[in-house]
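Residue numbers for the sequence shown, in numbering that gives the first Met the number 0: 0 to 194.
Don't read these hints as lab results, they were simulated from the structure. Since the structure is predicted, the reported quantities are computational estimates derived from the model, not experimental observations. Glycine included, each C-beta is placed from N, C-alpha and C at the ideal position. A few of these clues could be false.
To be verified - With a Cα cut of at most 35 Å, we get these calculated DSBU-like pairs of lysine-lysine:
1) LYS80 x LYS23
2) LYS100 x LYS58
3) LYS54 x LYS27
4) LYS23 x LYS43
5) LYS58 x LYS171
6) LYS58 x LYS96
7) LYS101 x LYS27
8) LYS101 x LYS25
9) LYS135 x LYS54
10) LYS171 x LYS43
11) LYS164 x LYS100
12) LYS43 x LYS25
13) LYS43 x LYS58
14) LYS61 x LYS23
15) LYS80 x LYS96
Unchecked claim - Pairwise CB distance ranges (calculated):
16) LYS96 x GLU120: 37 to 47 Å
17) PRO26 x PRO66: 41 to 51 Å
18) VAL24 x ASP118: 29 to 39 Å
19) SER92 x LEU172: 17 to 27 Å
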Amino acid sequence: MKTATTTKKAAAKTASETTTSAGKVKPKRTAAEGLRDLFIDELKDIYWAENALVKALPKMIKNATAPNLVSAITNHLEETKNHVTRLEKVFNSMGEKAVGKKCDAMAGLLEEGNGILEDTEPGVVRDAGIIAAAQKVEHYEIATYGTLAAWAGTLGEIQAAELLKETLGEEKLADSGLTDAAYHNINFEAEELDE
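All chains should be built: construct the whole structure from the sequences, respecting the hints.
This is the structure we're talking about:
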């Protein structure tokens, strides 16, 4: 069984093996050499992330109590399933196979979301925490889809760019919906528990 100390030492060793004495990171043998390679690599990353969200969102739905929050997350679950399909179209438009590569950022965000569930009692305080966790995910996705759409345009991948911009718009709307849920009642009801 690995201890926290063993895990930290292994992570430090891995980091030192990939960093030169001048602090520069040594690229892997499979490192991207051009923008297209980097674009494909990041598509694999967000593809994994969206598939992970399809599995994680039902847990958020089951733990949310405010009807408007349950509705917002339920709607976004269906959109997320469409995002997976849309990413498959992006891969296809570029003649690439849709394959995921673990997204460390999303894995961390989902783990943090689970921590919020464990650290809160069911009700409005947990709902406020769910909104916070969900918005962190949305902001990550907005940044990712914005970058990918720009890169697709630069690479002349017009169909991919349009598909990615469509998802970007949906992610922005999901974030806005979460903000509305927070400020129309959930945050204020949670704050009243402090009085």
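Each hint, compared with the structure:
| no. | hint | result |
| --- | --- | --- |
| 1 | LYS80 x LYS23 | violated (39 Å) |
| 2 | LYS100 x LYS58 | holds (23 Å) |
| 3 | LYS54 x LYS27 | holds (30 Å) |
| 4 | LYS23 x LYS43 | holds (25 Å) |
| 5 | LYS58 x LYS171 | holds (22 Å) |
| 6 | LYS58 x LYS96 | holds (29 Å) |
| 7 | LYS101 x LYS27 | holds (16 Å) |
| 8 | LYS101 x LYS25 | holds (20 Å) |
| 9 | LYS135 x LYS54 | holds (17 Å) |
| 10 | LYS171 x LYS43 | holds (21 Å) |
| 11 | LYS164 x LYS100 | holds (21 Å) |
| 12 | LYS43 x LYS25 | holds (22 Å) |
| 13 | LYS43 x LYS58 | holds (24 Å) |
| 14 | LYS61 x LYS23 | violated (45 Å) |
| 15 | LYS80 x LYS96 | holds (18 Å) |
| 16 | LYS96 x GLU120: 37 to 47 Å | holds (45 Å) |
| 17 | PRO26 x PRO66: 41 to 51 Å | holds (50 Å) |
| 18 | VAL24 x ASP118: 29 to 39 Å | holds (34 Å) |
| 19 | SER92 x LEU172: 17 to 27 Å | holds (24 Å) |
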